[in-house]
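Student: The chain contents come next:
Number of protein chains: 2
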Amino acid sequence: MKNLTIGIFGFGCVGQGLWKVLHETRGIHADIKKICIKHPEKQRPIDPGHFTTDPAAILEDPEIDVVVELIDDAEAAFEIVSRALRNGKAVVSANKKMIAYRLPELYNLQHQYDAPFLYEGSCCASIPIIRNLEEYYDNDLLTSVEGIFNGTTNFILTKIFEENLDFPTALRLAQTSGFAESDPSLDIEAYDPKYKLCILLLHAFGVFVHPEQVFNFGIGRINDFDIRFARSQGCEIKLIAHCYKSGDRVSGYCLPRFVPKSSRYAGIKNEYNAVDLESAFAESQFFIGKGAGDRPTGSAVLSDISALTYHYKYEYKKYAQNGATFSNEPTTIDLYVRFGRENQVNPGDFLEIYEQYSARNARYIVGKIALDKLQAAVWLNDPEVNIVQWGQRD
Amino acid sequence: MKNLTIGIFGFGCVGQGLWKVLHETRGIHADIKKICIKHPEKQRPIDPGHFTTDPAAILEDPEIDVVVELIDDAEAAFEIVSRALRNGKAVVSANKKMIAYRLPELYNLQHQYDAPFLYEGSCCASIPIIRNLEEYYDNDLLTSVEGIFNGTTNFILTKIFEENLDFPTALRLAQTSGFAESDPSLDIEAYDPKYKLCILLLHAFGVFVHPEQVFNFGIGRINDFDIRFARSQGCEIKLIAHCYKSGDRVSGYCLPRFVPKSSRYAGIKNEYNAVDLESAFAESQFFIGKGAGDRPTGSAVLSDISALTYHYKYEYKKYAQNGATFSNEPTTIDLYVRFGRENQVNPGDFLEIYEQYSARNARYIVGKIALDKLQAAVWLNDPEVNIVQWGQRD
Numbered sequence: 000m001k002n003l004t005i006g007i008f009g010f011g012c013v014g015q016g017l018w019k020v021l022h023e024t025r026g027i028h029a030d031i032k033k034i035c036i037k038h039p040e041k042q043r044p045i046d047p048g049h050f051t052t053d054p055a056a057i058l059e060d061p062e063i064d065v066v067v068e069l070i071d072d073a074e075a076a077f078e079i080v081s082r083a084l085r086n087g088k089a090v091v092s093a094n095k096k097m098i099a100y101r102l103p104e105l106y107n108l109q110h111q112y113d114a115p116f117l118y119e120g121s122c123c124a125s126i127p128i129i130r131n132l133e134e135y136y137d138n139d140l141l142t143s144v145e146g147i148f149n150g151t152t153n154f155i156l157t158k159i160f161e162e163n164l165d166f167p168t169a170l171r172l173a174q175t176s177g178f179a180e181s182d183p184s185l186d187i188e189a190y191d192p193k194y195k196l197c198i199l200l201l202h203a204f205g206v207f208v209h210p211e212q213v214f215n216f217g218i219g220r221i222n223d224f225d226i227r228f229a230r231s232q233g234c235e236i237k238l239i240a241h242c243y244k245s246g247d248r249v250s251g252y253c254l255p256r257f258v259p260k261s262s263r264y265a266g267i268k269n270e271y272n273a274v275d276l277e278s279a280f281a282e283s284q285f286f287i288g289k290g291a292g293d294r295p296t297g298s299a300v301l302s303d304i305s306a307l308t309y310h311y312k313y314e315y316k317k318y319a320q321n322g323a324t325f326s327n328e329p330t331t332i333d334l335y336v337r338f339g340r341e342n343q344v345n346p347g348d349f350l351e352i353y354e355q356y357s358a359r360n361a362r363y364i365v366g367k368i369a370l371d372k373l374q375a376a377v378w379l380n381d382p383e384v385n386i387v388q389w390g391q392r393d
Numbered sequence: 000m001k002n003l004t005i006g007i008f009g010f011g012c013v014g015q016g017l018w019k020v021l022h023e024t025r026g027i028h029a030d031i032k033k034i035c036i037k038h039p040e041k042q043r044p045i046d047p048g049h050f051t052t053d054p055a056a057i058l059e060d061p062e063i064d065v066v067v068e069l070i071d072d073a074e075a076a077f078e079i080v081s082r083a084l085r086n087g088k089a090v091v092s093a094n095k096k097m098i099a100y101r102l103p104e105l106y107n108l109q110h111q112y113d114a115p116f117l118y119e120g121s122c123c124a125s126i127p128i129i130r131n132l133e134e135y136y137d138n139d140l141l142t143s144v145e146g147i148f149n150g151t152t153n154f155i156l157t158k159i160f161e162e163n164l165d166f167p168t169a170l171r172l173a174q175t176s177g178f179a180e181s182d183p184s185l186d187i188e189a190y191d192p193k194y195k196l197c198i199l200l201l202h203a204f205g206v207f208v209h210p211e212q213v214f215n216f217g218i219g220r221i222n223d224f225d226i227r228f229a230r231s232q233g234c235e236i237k238l239i240a241h242c243y244k245s246g247d248r249v250s251g252y253c254l255p256r257f258v259p260k261s262s263r264y265a266g267i268k269n270e271y272n273a274v275d276l277e278s279a280f281a282e283s284q285f286f287i288g289k290g291a292g293d294r295p296t297g298s299a300v301l302s303d304i305s306a307l308t309y310h311y312k313y314e315y316k317k318y319a320q321n322g323a324t325f326s327n328e329p330t331t332i333d334l335y336v337r338f339g340r341e342n343q344v345n346p347g348d349f350l351e352i353y354e355q356y357s358a359r360n361a362r363y364i365v366g367k368i369a370l371d372k373l374q375a376a377v378w379l380n381d382p383e384v385n386i387v388q389w390g391q392r393d
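Read top to bottom, the protein sequences are chains A and B.
Residues 0 to 393, numbered by numbering that gives the first Met the number 0, are exactly what the first sequence covers, in order.
Residues 0 to 393, numbered by numbering that gives the first Met the number 0, are exactly what the second sequence covers, in order.
Only chain A is shown next, with the shape it has when bound in the complex (with noise of 0.2 Å):
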């Protein structure tokens, strides 16, 4: 077992978690050397002579063998971390939009510097699902990944279903907890869990995929009017990540989607996140965890400062058997569409109508639509037209 120099970039809550478990545990060898931070003057637990503000002391210590990137700025972040491996420096990384923009080039620069680079903690916090996508679920009889991949919007849809609070009620109190990220439209509108997607589509599949390939849509529009008819059908409303392989075509979205109450999905509240899996062999197979916060994510990063220790490294399996291709172009998606005016939305964009009803102040479709269809009609950027999908399964 290998004894590991670590580095960290930013000591926010996730940095000032992992100080205090790293000194508690006996069962991982690491000592933190530096901890680069941009704000000196600010007040912190620890001695000062830990910091640092400057990024070569970490980056350029030929000592330190382990860099841990914890900081907020994705485009800052990367420059960290391919610096990092240029160096020969192992990685470890949350950073979910920086990972999801710059897979294809994080890829290369393990191989062309042999330096690994681990990011459990950037998809699903606690729930160790790219490890499993990696190590167990590594032959090819995988079929589905999908799940509740957000814990802010789940807190929110959760306190609107459970205790009947108000969209923006339920939203700052998802700020105020410490969940919804800094800037909230990338909770809101889906961004967030699209780029777990997009790692996921990676270790499940084998499939680069950059983030404007998969549709995204948010829970911001979920009015009075869906939360009804919602709970008419017996359901709640969750935003649910999907991607799917079917033959040599692997295919993804992100989208609200009507679960039964009764569903396993209803029952994953606030901000727990859950992840399905299903295989030919295996069947569905359930991971439930906390999906936001500091503790969560730092027990992911952990785990992966853990992994160093024994040389583990990320091996791309699929990537290397798979030949598979990334495209929605022939799904088909049954939908709930609801809207305000005559004309707001386009019927003939659907390959079939199951219903429709028009009220004074409401109207609503529910069809079969094909999802680049979708992703192409003009009526979805009207915020008074709102999508759900309508439930696929349990």
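A hint or two may mislead.
Identical copies go unnamed one by one, so any copy, or any two together, can satisfy a pair.
[Unchecked claim] With a straight-line cut-off of 30 Å between C-alpha atoms, the simulated DSS-like cross-links for lysine-lysine are:
(1) LYS372 x LYS312
(2) LYS1 x LYS33
(3) LYS268 x LYS33
(4) LYS268 x LYS158
(5) LYS32 x LYS260
(6) LYS32 x LYS1
(7) LYS158 x LYS260
(8) LYS33 x LYS312
(9) LYS260 x LYS41
(10) LYS1 x LYS312
(11) LYS41 x LYS19
(12) LYS32 x LYS19
(13) LYS1 x LYS19
(14) LYS260 x LYS367
FYI, nobody ran anything at the bench for these hints, they're computed from the structure.
With chain A held as given, fit chain B onto it using these hints.
Tutor: The following block gives chain B in isolation, referenced to the frame of chain A:
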């Protein structure tokens, strides 16, 4: 990646499923060379040339590098596994009884002959719990591991609480559904989940625990009164195996438990299993998957075979780190004890009594009792006495 040549012992459902999937997947490079069976006269779905009745045809064939042991008999299974390991072959097994009883020997054989032995299928079938304990929760921050480890009894309890079946009818249904072990008392009296607990105790906390050290009590004595009592408390009954670490002491037992109808455990239905890991940093981590049946077990066996292609072996990291000891001595639990006649149970065995009830045909006590006192209580042998743990937590 290594190309494996496999010999299989046993060709029941799991073996047949494995045959099928190994021929379908591109991800695993493995060929089945020989299958050893007991009854050559049976009709088989594949070419008879694949079969042998001579164990040596597999165990002494230097071309075969992996032995997959899928027979029922624990003693014969140990002979096969130990001989294979001595011959330097990698071994995969799902035989929980054999493994639980023989863990120290199996551990030593692996080290002595440098041959890996993997047995993910032995614990909770499709849930990758051993692998996660080994690789992901490999530091000393884990505090407790518990869950529903037996699919048959969970199936029976689900039918009792959700479909109002009586015990014998529910048991017969489990048997005809193909879930029950050949000896149903292994399930009903909670030996099967105890074996799994013994295996997980080593991978979670680094302690070798003989099955006889662990207290188990099953669901065979649950009667109408107990069921009505559970319902009156808004609860169902689940059979829960539980172990935890406190300082350097590890404790564990397997008991029926009242769980609230709204709890996650109550949501685990039929043959599904669940594992709940608590750790200092990640808090609760919950895994759900099918815990009985040929395909879920087959999926675990398959993942073990797949892991062997990249030279995976268990490192028993906690055992190397730990120095913890197993002891139930200071453990106390809250317990419901139901009985028929006065003095059938000794109230003096309780440290504290919270509730007492008596009617003409049924009496119960709810109170706090030391686990070692309970284990030694003579009244517990009386078939008219039943116990259920008073729900400890969600």
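Student: With identical chains treated as interchangeable, where does the CA-CA distance between LYS41 and LYS19 reach 30 Å or less: within a copy, between copies, both, or neither?
Tutor: Within one copy, since 19 Å is at most 30 Å while 62 Å is not.
Student: At 30 Å max between alpha carbons, let me know whether LYS1 reaches LYS312 within a copy, between copies, both or neither.
Tutor: both (14 Å within a copy, 18 Å between copies)
Student: What label fits LYS32 with LYS1 when the C-alpha limit is 30 Å: within, between, both, or neither?
Tutor: For LYS32 and LYS1, the Cα distance is within 30 Å only inside one copy (16 Å; across copies 39 Å).
Student: Regarding LYS1 and LYS19, is the shortest C-alpha distance of 30 Å or less found within a copy, between copies, in both, or in neither?
Tutor: within (20 Å within a copy, 41 Å between copies)
Student: Within a copy, between copies, both or neither: where do LYS372 and LYS312 come within 30 Å Cα-Cα?
Tutor: neither (40 Å within a copy, 49 Å between copies)
Student: When Cα atoms must be at most 30 Å apart, do LYS260 and LYS367 count as within-copy, between-copy, both, or neither?
Tutor: within (23 Å within a copy, 36 Å between copies)
Student: Is it within, between, both, or neither for LYS268 and LYS158, if the alpha carbons may be no more than 30 Å apart?
Tutor: Answer is both; intra-copy 9 Å and inter-copy 26 Å each pass.
Student: State whether the alpha carbon distance between LYS260 and LYS41 is at most 30 Å within one copy, between copies, both, or neither.
Tutor: neither (46 Å within a copy, 48 Å between copies)
Student: Have a look at LYS32 and LYS19 and pick one of within, between, both or neither, based on CA distance no larger than 30 Å.
Tutor: within (14 Å within a copy, 53 Å between copies)
Student: With identical chains treated as interchangeable, where does the CA-CA distance between LYS32 and LYS260 reach 30 Å or less: within a copy, between copies, both, or neither?
Tutor: Neither way: LYS32 and LYS260 sit 50 Å apart in one copy and 49 Å across, limit 30 Å.
Student: Tell me, please, which holds for LYS1 and LYS33 at an alpha-carbon limit of 30 Å: within, between, both or neither?
Tutor: Answer is within: at 19 Å inside a copy they meet the 30 Å cutoff, but 41 Å across does not.
Student: Under a CA distance limit of 30 Å, which applies to LYS268 and LYS33: within one copy, between copies, both, or neither?
Tutor: So LYS268 and LYS33 fail the 30 Å test inside a copy (38 Å) and across (50 Å) alike.
Hint compliance for this structure: hints 1, 3, 5, 9 are not met, and every other hint is.
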